[in-house]
Amino acid sequence: MPGWMGKILYIDLSSKEHQILESGEDFYHKFLGGRGLGARLLFKFLETPHTEPLSSRNTLVFSTGPLTATVVPTTGRMTLTTRSPLTGTIFDSNAGGYWGPALKGAGYDALVITGKAETLTRLEINENSIKFVNCPELSGWNNSRTWEHLDQKLPEYQHVYIGPAGENQVYFASVSVGKNRTLGRGGMGAVLGSKNLKAVSLKGSRQPGVADRKRTEKIKEKSLTWLENSPLTASRLEEMGTSMLVNLINEAGVLPTRNFQETQFAGADSISGESLRDRMEASSGSCFNCPIACARQIIGPEGEQAGPEYETIGLLGSNLGISDPELIAKFNQLCNELGLDTISTGSVIACLMELVDRGYFDYQISFASAEGLADLIEDIARRRGLGDRLARGSLRFAREAGHPELAMQVKGLDIPAFDPRGMKGQGLGYITSNRGACHLRANMLNIELLGLPERIDRFTEEGKAALLIQQQDLNAILDSLIVCKFTLFALAEGFYREMLEAVTGVSFPEKEFYAIGERIWNLEKIFNLAVGFQRCDDSLPLRFKVEGGSGPLAGEIVEEEKMLEDYYRIRGWNSSGIPVDETLSRLELREFKHYFLGSDINDS
Amino acid sequence: MTAEITVNLYGGLERYSPEGLRKGNRVPGDQVNTVREVLDYFEIPREEARIILVDGHHASLEDQVNPGKVISIFPLVGGG
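So the sequence lines, in the order shown, correspond to chains A and B.
Each residue of the first sequence is one higher than the last, beginning at 5 in the numbering used here.
Each residue of the second sequence is one higher than the last, beginning at 61 in the numbering used here.
Be a bit skeptical, because a hint or two may be false.
As the list claims (entries may be wrong) - Rough simulated footprint, nothing fancy, chain A against chain B, three-plus residues with beta-carbon under 8 Å:
#, region
1, 67 to 80
2, 112 to 118
3, 131 to 137
For the record, the hints were derived by calculation from the structure and aren't laboratory data.
This structure is a prediction, so every number in the text was calculated from the model and none was measured.
For every residue, glycine included, the Cβ atom is placed at its ideal position computed from N, Cα and C.
Required output: the full structure, derived from the provided sequences and hints.
The following block contains the structure:
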């Protein structure tokens, strides 16, 4: 079966037993790999979607895609899928680096982990063996120390691991992949922590088969040429990284400032990619088989460290009113060391600042002041004092403080650094995303702000549902192949289908190809319906519906109801947001209907 | 004093500013009427100016610019 390894490794940490399972072709053809396979396997192995996210029965699915570890550019990515403690939804996250190819190297498309180890444990997996290694000595270790230790001990292996935040089950703890890539969002690190799983190390020399080597090689060359011919993927991402967006987003009036109370920040230029480039010595880094090399390494006080990405600058910078790039770099480094998602960390602190500002909560903290912030971030990861309360995320914290409307989130996931009032399609994306407010489920930024491939009116709600759905389905496919979304800056959509066909030798007619994305989206939706999410959960915080923003966003609000009506209709869902029978049949998902029967009235 | 137009040149386009300024370049209002003339004023090749905002709103080359407006010009940028 070219492209796929055909094997899935299942490990139970409680019993220390493992099984090697084989999945049929049909399974792969319908869900591809990565995110799609992750969702499908989560349904297969999770006793029920209601499983508590931090209980031993929750299940982690690490997966690769049919293009992973092939010559196709940017195919070093891997996915982790589980039920998130932060959102309660199904949740997947993908990262680059070299771990994905190593999983295939060991002979598996996916690694499923359930149960709970008695003491802090790490796994060593290769083609011939699976080792459970007790590692209580690594308890509380920061990420760089853990990485150096693992890299020294097992230099031939690739590693994923968690920091103190994961061990302490912070609801937005991240998982580190290799030296400096991250599964950032949704608190997956906490799920590893709840299982006493500190690290998973992999090695292997197996390679996926390729059906048509000549055609694959040709497509590789063609996509490399395109990537080299786009100024973005050829050099600008390498020179400035994602932080190049700051000035544009600020001028367009969609840069979150002071917990989204404003949408332009006077200090934006000082924290922009241009300023960072001028002020900090930096080098670039890349993932497996990737010519884009977007990762920025900067020289900090303690040597080389990851430079802050755009989202981090937004959430730990402007959204806290902080305009000192050195401070943002410091907080970024701290979050990376502790294993905290920078978006949710910034968001929960901004929420606290606004609660204090309005007199709803008593604490010494204020916007634009960095005093005490480093300690507070450390307290979140160590679950000390107020940090322990913040560690459960902005929505739970704001609810406890009596003001849930001040948590800038959807379904518990904190809103990234693009204000939906100036990008209505992006807003609908936040509302409908199956993992909560997320900018990576659909590329509305490209369409609404960057004008790629062509610009449409960002302020209107009109017509956004159809565009968004197309993007959501396409991105579900990219996340399942798995290729990096940055290739979309240079490659036409047709490339991805060609790549898949050349590598697997399977024919995917265009209609069928796009149906895969739609199928994955609906399967994720079914999970969320099963655990009780309803139409009322598809909603932005009040602020975005009643208050305008700054500059071009004066008087702009999001009218979500109309967009939602369109969205549900085009998706083939009823007015409660439930897939109707015809949709389930068309996508071959009827067998999942029993999961949500009774959760609402299905009027199909 | 002639009323002025403010021009921001981002993402490397600051090299077209006579003072090498990223923010706050000034153009006398009577010297330019359209976005296209602003580009010509700084001798910025059209293909390099990929995103143009006038007071935060996307603009095209033929759009009028009036004194007091802020024009921000970007090359192709991306990320997220």
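Hints, verified against the model:
1. Under the rule that three or more residues need a Cβ within less than 8 Å of chain A, the assignment of the region 67 to 80 of chain B holds, with 5 such residues.
2. Beta-carbon proximity to chain A at under 8 Å applies to 5 residues in the region 112 to 118 of chain B; the threshold of 3 is reached and the given coverage holds.
3. Check on the region 131 to 137 of chain B: 5 of its residues sit with their Cβ under 8 Å from a Cβ of chain A, so the three-residue criterion for coverage holds.
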